[in-house]
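Engineer: Since the structure of chain U is provided, determine the placement of chains S and G on it from the hints.
Chains as they are written, first to last, in my numbering: chain U, -7 to 501; chain S, 9 to 386; chain G, 108 to 754.
Simulated from the structure, these hints should not be mistaken for lab results.
Note that beta-carbon positions come from the ideal geometry of N, C-alpha and C, so glycine has one too.
You may find that some hints are simply not true.
No more than 16 Å apart at the CA atoms, straight line, and that leaves these computed lysine to aspartate or glutamate pairs for EDC-like [to be verified]:
id, chain 1, residue 1, chain 2, residue 2
1, U, 303, U, 347
2, S, 40, S, 331
3, U, 323, S, 82
4, G, 436, U, 35
5, S, 40, U, 411
6, U, 307, U, 411
7, G, 505, G, 546
8, S, 81, U, 328
9, G, 443, U, 11
10, S, 81, U, 360
11, G, 505, G, 447
So, partial list: chain U residues that the calculated Cβ filter (under 8 Å) puts toward chain S [stated by the list, open to error]:
id, residue
12, 323
13, 400
14, 407
15, 409
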Amino acid sequence: MSERVKITIDGKEAWVEPETTILEAARTLGIDVPTLCHNPALEPYGACRMCTVEIVGKGWSQLVTSCNYPIRREMEVLTASDRVVRGRRMLVELLLARCPDAPLFQEMAARYGVGRPRFETQQADLCYLCGLCVRVCHERVGAKAISFVGRGVEREVATPFFKISEACIACGACEFICPTGAIKVSDITDKPIRPLPLEFDMGLRGRGNIYIPFPQAVPNVPVIDRAHCLYFQAGTCRTCEEFCPPHAIDYSQEDEFLDVDVGAVVVATGFDPFDARDKPEFGYGRYRTVISGLEFERLASASGPTQGKIKIDGKVPQDIVFVHCVGSRDKQQGGEYCSRICCMYTAKQAHLAHDKIPGSNITVFYMDVRAFGKGFEEFYDRVRAEGITYRRGNPSEIYRRGDRLVVRAEDTLLGRTVEVEADLVVLATGVQPRADAAEVASMLSLERGEDGFFQELHPELRPVDTKRRGIFLAGTVQSPKDIPDTVAQAKAAAAGVIVELSKLRRKAE
Amino acid sequence: MKVDTQEFAKEYTLLECIQCGRCTGGCPVSLKTSLNIRSIIYECLIEDTVDPSRLDVLWDCTNCLTCTIRCPKDIHPADVIIGLRGYIVGEGRGLPPRVRDALKSAFTRGNTLGYATEGRNGWVEGLDFEVPNVLDAGETDLLYYIGCTPAYDPRIQPVTRALATVFRRAGIDFATMGVDEQCCGNEIRRMGEADGFQGLVEGFHEMRREFKAQRMVAVSPHCFNAFKNEYGEMPFPVYHYTQMMADLLEQGRLKLPGEVRAKVTYHDPCFLGKHNGIYDEPRYILQRIPGVEFQDLDRSRERSVCCEGGGGRMWAEGTNIKDRLAHQRVRDAISMGAEVLAVACPFCLLTLEDAVKTLGLDSQLRVMDIMELVQKAM
Amino acid sequence: MSADAQTKIRSPEDLAQLRQELQRLRHPERPCLAICAGTGCLAYGVNKVIDAFHAELELRGMADRVEVLATGCPGFCERGPLLTVRPQGIFYQRIQVKDVPEIVEETLIHGRVIDRLLYQDLRTGEPVVHEADVPFYRLQRRDILWMNGLLDPTRIDDYIALGGYSALLKALYTMQPEEIVEAVKKSGLRGRGGAGFPSGRKWAEVRHAHGDLKYVICNADEGDPGAFMDRAVLEGNPHSVLEGMIIGAFAMGSRQGYVYVRNEYPMAVTNIGLAVEAARSHGLLGEDIAGSGFAFDVAIRRGGGAFVCGESSALMQSLEGNVGEPRAKYVHTSEKGLWERPSCLNNVETWANVPLIVNKGWEAFAQVGTEGSKGTKIFSLVGKIQNTGLVEVPMGVKLREIIFDIGGGIPEGRPFKAVQTGGPSGGCIPESMLDLTVDFDELSKAGSMMGSGGMIVMDDRTCMVDLARYFLAFLKEESCGKCVPCREGIARSLEVLTRICDGLGQEGDIALLQELGETLQGFSLCALGKSAANPVLSTIRYFRDEYEAHIRDRRCPAGVCKPLIEYWIDPALCTGCTACARPCPEHAISGDKKMPHTIDLLLCIKCGACYDICKFNAVLIRSGESPSPLPGEGSGEGSVPSLAVEA
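Just chain U, same shape as in the assembly (with noise of 0.2 Å):
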């Protein structure tokens, strides 16, 4: 253990391990020192400069970079001083002069107070060679595909000859680094970029391989996607357990299998959302402006993927329609069944979506409105009242007008077809028996009924019960139902097994 070095940054002091850079430093001490071409997983590059600091004694000073200037012993600096800020404006002079289409350095210029440079753009570029992408594929990635091509301005990152590269690996770091978004992984190779989608954002926007699945998981800890995750497929990046302060990440983790006696189980395995994709003429996976209940539920969620604003591509629509029973009472796709949820669901998305969008126009395209439950109908009333139309008709298709979607259906109780334009449609999707719920059902030795859920013991007595004894269901495995209903099963199934295994108790004593 060394001896900590003292440091005065702008006047704040901190004591420090020797080796620290002042960039580090500074950032413990919440000082916000620029810089374009630094990333904490990487190694300092030192090449953009933005990041200078000015070291000052008696009667000296010395510019330097912070962000790969060791401190070895006691010094003060200052991050903001004339000639740093001189220097800095400068800097983003020449960039905006060599990048004016990049937002990163118009921001910059404003926030500098940098105008109009005094250089001409010769020819606009995105790329001001911070080499983020090429030291993450060295570095990191491990793939080494990208380089540095040339000198001074004639400088570029290149492949080796110019080539599609072999060597890539299509992982997409260099593009997710980029600061500006000069590289685009297909300039660089043939193969096909794999997204990653965030399961729970219903795939609205990606996710790295290390990641919390969803913010209210138990336990609430990142984990890692062995089947893309670097480290596990090529043996580089590590960069998640080397910045783990509590050092808690460990790869050589596996699968537990654990062998339990219980004397009772409940089986809450859930539902999956009706996939809008089998009911074609609603263009759902076709046109972006078509979407599902689920993908609803995440755009207005504040942690969602778009913090809660109700965007499609940057656009917030104005024109939006609701559609009913998308793969639910359908003989031919989906359920046969009513999922219970949807007309609910669907009017508080509207009231939601009117709520967020001051001036929108929305439309619910109806059969009924199943408002069957507690202040259900008093909640239609409202979202009525607030303007939203209800218009009854299930929509028959939805095709593309220019760049509008036209929404095709008959109005019965005016008894004609409309086509109603729209910016945005949500597809009420019903609820399903989950995919592996056979193999579930025949683990358990438990019957299901003709539309796929777990079969209860008596529709009306035994809600929670099914014909083996000490297994009990809450929850939409057995069938569509909300969240009351299904909180108020589970205490059920709860007492259900309570009761059980005291009478097993009593029979061991």
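Structural biologist: Okay, now just chains S and G, sitting in the frame of chain U:
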């Protein structure tokens, strides 16, 4: 005319209808006519009787089957229309005159077009080989069923010939029924003449007992549909020519050394697509033709828009002759930059080509059968 | 014992013995024709001269009595091909093949001097017979270069005969490594490559750095335009460099050394390669050097053609096989250098000084030079100067002395304008500061730097703005492109300067150049960028009026910037001889015989052919609105050049 709705509803299982409106909502003519099949079904459920003779809109239906494939309760609204038409045809009053003529011609001359029976083989002119007659030969591998329009209509005859040429090139042993071939009856049935249709069915089965065949192919999806789905037990499988063409290309038995440099799009015929689920084979063929730049229309496959050629519409003008669906279809094709609109059905070919001519867009778009494109590339 | 055989030296006695032998063989009275066969003289065709001598001597049966010694470059490149006839020391310059028989006949056989081949003193016109008396040589102190004219660089025996490798044996056998480091420290030797870092301090850092494996590296990637000191030393006396490296390796504890030489110096590559081979076979390199037990070997590596690889960390990247780009040197390369190991990188001339320090002792070495800069420095004196060549002087000599006394002043009696020291990293020094001495710190204070020793002299016909532009164009090509200020800043500075030279300069351009310069100096990653602004800033500092003339008056006072000048024939001086009209590639000159000619400015492409050919100095260059010609020209002014910048 009064039809007992209780019986009718039971016969067509209308009681389960929840009036969702998907049938009318999907009906291609519902925007341009007052044909509202849901409302008709509702009447059948609520009223004691209905009078089909008051519904001239009944003749607007093209039998595209969109209503039926959309219905969540497995009801067949298209059959309801045919059923109601049946009453009118039974009465003999109130049917459009050309429909009556077509029906008559089918039974007296074996074709719906009013041509002489003897001329049914006229299409072979121009072929450099003999087309065998299965009734003479007694057996064949492939029964080539021509159909009325492909046999007689000069615009369609090249397609018929092209197909025969390909069979020959591929070394397939095929034969037709010559002038003894009768109308398949698909449109007959659509126009409501159920008994007449049954007669045609029985007539065919009698004839086919006179020869042996391994399989059957039809030029028109309408004929294909009838034989495949409505002729009861068939001794051999029935195919549409696109299925066979796709197979021949895949197996390498048909080679396309030539090129067709064009931007091509494809219009799904209702009787091939929505009726029988054949969407991929025609596209496969088109994309195998060298030089073709293929792109789908927005409304394609299950969302294709009917050309208004089926369901007897070749003879029934309908209540709105101004707004033709074929015109919109042609405009859609042109607006996406297509130079050729490919089809696989003679009715589609005729109606769409007619639309091109009426709109004066001959220089911008050509309507061609897939076989015509294949032949160009041969 | 035969020369150049596989004689392994295993002790100081062995070396002493070998030296004696060799000296005996080299009879001091034996006639020797020492001909410079350095790259410069080779370009003059000296190979043919040497062949001619061999042939002539053969013809006359004198081949076994007279030695023809092809030496390295002695430095008087202006007068090459050079010949010194020994032992008399008769100095002939600008010799050609046709002179060979005469030289053999007259000088070798009859001992007579050929006047026309002698050097004539520029001031007096008197011929100088002996090499030692030639002012160019006499006024120098050639501690490093003295051997260049005395030995064949491909023969180790010549070097040993002249005392070579005695410093090495002395170091290995009588000194401790720590002692050697101290000696270099106390000698005050500072790096000759440009930065002037105290070499002893670097050596101490490497010696005390952690690690078993350490490297010594010789930087022979001399890239400054107009600099060829290192070339002359490495070509002409490679063993002196090698000896320095071996001593250094012993002192610092290194087992492996590298010589990184630019590929554009093929002779240096060859000669250092031969030197390494020869040293190995004499047991002076490899295992158990000179029987001392010390092991060290050297590998030669060639550069790929990048000026930036002369920067120490970029050089090391290149040696490692990576892209030649510098890195931050907050952690010195002496601590973490080549392959992250302690590395001592020194310039060719620096290494060549080391045997001197060991042999003379540090006190004697420190007697030469100034307080802050010890020893001698070799300068390549080029440009508008009478005596182009290599000049070695002790630190502390005045610039005026170098340029006027040794260099012989400006040709054609034109006025001195400025001298650029330090190449593209240096700045210019005007006439008013010619009394500055060559000293690291003095030159830096004046806004220039010593650099590696390039010295470019300029007269009133050099445009200072164009000069700055020239250097920036060079640096723009050579910038590695890693850091933003250098890559973008130099390119943009060049844009501004080009604009100014094209007559499109705007108010505010000078301030913009200064702003860019400040950013370059403070924010660049390596010395290339940091010093890139020097040419611009120093020319602005001392010749601001020239910038302003370009910008405000669209005038180039020196008459260089083509878009701003025009050629004009003074009718008062023109005799109508038509000599100018013929060479004009655009047929722009018209006029009848014996009548004053005129130049059609619309056709003139300013090639200067007419200007060069006119015997009457009637073709003048004018710039700016004023119709009067440039100083020193035109009728009525005679031949006395005027320095006045015209109004």
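Engineer: Would you pick out the hints that fail for this structure and give their numbers low to high?
Structural biologist: Violated hints: 6 and 11; rest satisfied.
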